[in-house]
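Construct all of the structure, not just a fragment, from the sequences and the given hints.
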Amino acid sequence: MALLQISEPGKSTMPHEHRLAVGIDLGTTNSLIASVVSGAVSILEQKNKERLLPSVVHYSSSNPIVGSEAKNMQIKDPKNTISSVKRLIGKNLSDIDTKFYSLDLKDDDGVIGIQTNQGIKNPVEVSSDILKKLKETAEESLGNELYGAVITVPAYFDDAQRQATKDSAKLAGINVLRLINEPTAAAVAYGLDQNKEGNFVIFDLGGGTFDVSILNLSKGIFEVQATHGDANLGGDDYDQVIFEWICKGNKINVTNSKIKQKLFTLSREIKEALTNKDSIKIHETINEKIDIQCELSQQEFEEITKELTKKTISSTLQAMRDAELSVSQIQGVVMVGGSTRMPCIQNAVKEFFKQPLLNNLNPDEVVALGAAQQANILAGNTNDNLLLLDVIPLSLGIETMGDIVERIIPRNSTLPVSMGQEFTTYKDGQTAMIIHVVQGERDLVRDCRSLAKFTLKGIPPLVAGAAKILVTFQVDADGLLSVSAKEQSTGTQSKIEVKPSYGLSDDKIKKMLEDSFNLANEDKESRALSEIKIEGSQLLEMIENAIKADSDLLKEKELNLLQETLDKLKKSLESSDRNNIEELTKKLNDDSQSFAAKRMDRSIQKALTGKSLNSLEF
Amino acid sequence: MQFNIDLDRLQKSYRIIQAEIHPDKFVSASQIEKNQSLIKSTEVNDAYQTLKNPIKRARYLIKINLNSEENNLPLPPSFLMQQMEWEEHLESISEQKSELEKFRLLINGEYQKNLSNLESVCDVDKNWDGAMRILNEIQFIDKLNYKIIQQINLIETK
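Just so you know, the protein sequences line up as chains A and B, in that order.
For the first sequence, the working numbering assigns the number 1470 to the initial residue and increments by one for each residue that follows.
For the second sequence, the working numbering assigns the number 100 to the initial residue and increments by one for each residue that follows.
Hints may contain errors.
Which residues of chain A face chain B? A partial, calculated answer using Cβ under 7 Å [unchecked claim]:
#1 Q1584
#2 I1782
#3 Q1787
#4 A1946
#5 S2006
#6 L2009
#7 S2072
#8 I2073
#9 Q2074
Keep in mind the hints are simulated off the structure, nothing from the lab.
Using N, Cα and C, we set each Cβ at its ideal position, and we do this for glycine too.
And the structure:
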């Protein structure tokens, strides 16, 4: 084990060893993990020397099997082998077409449950098993404990899908430095690699998701202008079309899940073979009854999948319109995701942008590589100046009378973003109201994605229309939503009860976490004490240093008040009184908010005057 | 503050500030710094969007100069007539993409015309009631433009 490092008293920044930070591309078909090791970014290989970890988990014994080994079980034991779980995460049963799955899917208290030999698994657990495997890979190959990870998600993922992804990382014991969008990660890998400037399009067609993002790159700033996509469109759908084409051509009707799986695998092989062949002859004996013979040409493949390809181009067009850019203003088009290897996709995109495509980085690896570079920066391992300014992909709104959506935060707003909306009561004496949050671009509630229902309680009983409740929607840099509410006329902070329409409740996550640790009660207690002690001493150190640097921002009275709380906290940190430490930490936190705000303002002032505005270097 | 601003300079200052206070710069910092960074970074995004977008910028200028957000100026009858005509036209061409594109160009021309009016009323005349009148019209035009785009998107995704 590495020796613990202790900083010199009074130094503001703690020296730290190189923190092991990784980028994880948690894909529909394959997952990858990458890291920056001695200045160079690379994919970390699995134990079996493979770079791609198939996103497949097999549950038949108590220890889940993840990766190639699980993939090999797919045909033999499809019911206990879960693939493409990314298509299920953050959704409920009514969102998906169960006929495409050879799994036993059921509703498990609002989330999807998958019946296996090891009990019911939900998509968050399955994803977390994949993440655990990747974490293991990192720690074994780099010989250190993982500090944190940047995990990528499709840009077009909604709030529920992002939240579920973050939950699965939590469950895998991974500290999430940031969720970033896959196309943005790819742009980082490209931009840093080639020192690019200007407007770039990232066209990302993966196994199960499609994203297109338009970014402006300038001196290390990556500003996303617009993003569009389809969270349910990918290479899998092209396989599906081939599968249907085979069934139709050979007049077969498949119900058996093993045969279905065999034909899916065959369809994928055909698609992949067509990447560098004009035509392919298929002769495959599935069983005594089914003997498949046919020929598929590139041209015919393009024809039968043209509706899918058209969808990607129309998304691209919409993103361009949102970014208010024309094709001539685009400096480069980056192709990302294994499915962009299909010649029909390459041709369609080339034709749309009327320029050659950038595909010199491996489309399977570019997202993980970019994520690793960002992780390295966020962990503070490098002084590289890079800033990602990403956007919210889908508008957030609330339900108003008559099933109509009132848009609160428009799509493509730069993150973090917050908007407030005032509401009032409908009846005299009303003390509670329900707010229904939805995500999407359509005008009717039923056409949008329901995210959560909030019950506002504790509204003072007034005549109808007199109460003014300000509800604030905050979306953070991970793209995750939180809501708070305040009654304006009396200043009462309304209590909010959140019931997510999709995904797991906080309590359930907590319980899953506790189960996974399997800690005895006294362990839990000592763990909690040491956690709160660390939190308290970190805050203490931060405030002490802040006072040393910027005490002139405080009035004497404020300074004394802070100093008093500081001394009390310092003393209590020597004790084992968890409640007292917690209370004082919270007090210090509250007392120093305005000081922290003033310091932030000062650093803005400094940054702006440091660079005379007329000679800005950006 | 003027209505006509240097957008290039605005973008540069915006980027300098975000490079300083964005939550990505505080990933390993204390909770209190994380909170402040989230709050400030959100405010700066809001300020940037307000200044960048001419409609939001005008609304903000009017608000600080009239010291009120009240907007009770009626739209002139001629504009109301025009409004109705446009709405009817949109309805009649709602399934024809090329007509929608043509209509969008026309509306865009109206938008630009109103924008330059807004500039002279704000920066030269300092007539805030006048600015409010133009703003009301331009907001309608902007919404109409949004509706046309939505309609085009809808046809394309069909």
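Hint check results:
no.	hint	result
1	Q1584	violated, 36 Å
2	I1782	violated, 9 Å
3	Q1787	holds, 5 Å
4	A1946	holds, 4 Å
5	S2006	violated, 10 Å
6	L2009	violated, 10 Å
7	S2072	holds, 5 Å
8	I2073	holds, 5 Å
9	Q2074	violated, 10 Å
Hints 1, 2, 5, 6 and 9 from the earlier list are contradicted by this structure; the remaining hints agree with it.
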